[in-house]
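*Asks:* Residue numbers (the working numbering), protein chains in the order written: chain A, 29 to 345; chain B, 29 to 345.
Hints were generated in silico from the structure; no laboratory data involved. One or more of the hints may lead you astray.
Copies of the same chain look alike in the list, so a pair counts if it fits in one copy or across any two.
[As the list claims (entries may be wrong)] The calculated SDA-like cross-link candidates involving lysine to any residue, where the alpha carbons are at most 20 Å apart (straight line), are:
#1 K296 / W202
#2 K102 / Q245
#3 K338 / A289
#4 K342 / D324
#5 K306 / L212
#6 K306 / Q288
#7 K338 / Q245
#8 K338 / R328
#9 K112 / Q288
#10 K214 / Q310
#11 K214 / E322
#12 K296 / K342
#13 K306 / D163
#14 K102 / G49
Protein chains: 2
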Amino acid sequence: MASINIDRDDRDLQITVIGAGTIGLSLAALHLAYLATPSNLTIVDIRLDLESHVLRSLPALLPQGLHACVSQVKLMSSVPVAVKDSDIVQECGPENLAFKSALWLEVERHAPPGALLWTSTSGIPASRQNAQMRDPSRLIVVHPFNPPHILPLLEIVPSPQTSQSVIDHTVGFWRRRGHEPVLLQKEITGFVAGRLAWVLLREAIHLVDQDIVTVEQLDKIIETSMGPRWAYAGPFKSFHAGGGPGGLEGLLKNVGPTVQACWDDTGKINMGDTWETKVIGQAREAYEFLDLEERDLANRRVLEAVRMVKRETKARN
Amino acid sequence: MASINIDRDDRDLQITVIGAGTIGLSLAALHLAYLATPSNLTIVDIRLDLESHVLRSLPALLPQGLHACVSQVKLMSSVPVAVKDSDIVQECGPENLAFKSALWLEVERHAPPGALLWTSTSGIPASRQNAQMRDPSRLIVVHPFNPPHILPLLEIVPSPQTSQSVIDHTVGFWRRRGHEPVLLQKEITGFVAGRLAWVLLREAIHLVDQDIVTVEQLDKIIETSMGPRWAYAGPFKSFHAGGGPGGLEGLLKNVGPTVQACWDDTGKINMGDTWETKVIGQAREAYEFLDLEERDLANRRVLEAVRMVKRETKARN
């Protein structure tokens, strides 16, 4: 069983991010803002323009004061070399089982035996990725939510083989960083955040497909109701509060028949059905120009607003 | 066909709220903050302690400066008297078809012919509530999201009989108030916000029932991912941005197989199944003490944070 024994300060760890896509770079930015020196971070990717890509894209994810650090990040194309002295290897490669399985064989051969091995997969459980590893207890899913340098959630999903030591060190690391690691008790297709988002998206697509609302109207509905509500309290807490003295039970008693009627009537669209042209077309038209800087700032401010309110309440009580 | 002809300023309208429950009082607070004088607002309810209930509960929903106004709100127990001079009748009674049908017959007989008739129902479409009305074109669903004095959404759902004049005046009223009326193109069970929230709740219950996460963990997941994300941009806009240059189409191509696997594996729990004991028990234990003041403040601050960011971007461009 893998036993992790990292006795250095988190800031002195050697972290290797595999894959310089959206998630990889966002996680790189997150690490860079914490590490003692930028050269503790390695980004590995086989793309030929890796250096110009990182120099162009990474600064936008960092506070102004850290832009200069970017040039000191180690960039490599060879996994064996990149993971040689790593304490943490965080994989953000393509969502493809063959790729990931082969990668972990290679990483396992070359990384120190005590290194943490994390996959950012949004859907391929560790128990499938680790099938060919010599020590499958080393691998664990650390599933971030885009953009992970801003949104605090990390779903931590061990396989049945993952060692307790790997779980504890992974959860501890993210907790010390002030992020929100949530440890799932069992593997499940798509994990939790994904399942919830996709099931809502399926119904959303159905409603647009049925011409009840447009893509833009549906987004507006969420932005002015569930979004702000759930930024502070998730669905159970919100419905429990909404039920008054009867709580969740009282609420379900009141609206139970409507809820069941909705469940019975849920849309059953599938990927590749005819809705794609309409829904994708509406999205493209409505969101031709997207301001990601505005999005990132809004996400930060919303999180900060909730934190402030909780701090104020705590100080008052 | 009902024709609305309200030529007074919104602040001078006579508004009658039927039902002094959570939603009724919250809407009363919303109106009170806008109306020229508190006596333009009437609250009607048959509960015997109506006066003490309103005096106790309504001030908490209002800014300090308006607490004194509460005593000037008209309180009545008789619908015919209460609606006699109303410009707007907003029903927030029990979620019960027999109650609502009978109420509209009575309201129709006694309210001025040009008054707007709004039902806050979360599930009974106007086409069922209006079945016995002399003029069914008068009724329209104005479905708020709890707490409606804070969250901006109003789902406006006309029946096939509702007149265009009723639709236009209803949408115009809420838009002038700075709220977010979204006009649905057709009636549908549970409307849009409800369907989306309930379909997510169903999967959430399933995941707790399967012991993947606890009620509290599931809420934490939403609060640190989808909540803050959707407070700024709904699911289509978010996924379109997350897909990079390929937009929503690119994203669905990348994660399509995972999405479909989640859809195929969706929980099929129903109201009244065995999950209730576990889920309700966990909610009761986790949320024994709920601070609604903190919730309201958090909701306000989140909405304000998003508004500020959008204003800043606009000023910059």
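*Asks:* Check the structure against each numbered hint from earlier and tell me which ones fail, lowest number first.
*Replies:* Hints 1, 2, 3, 9, 11, 12, 13 contradicted; others consistent.
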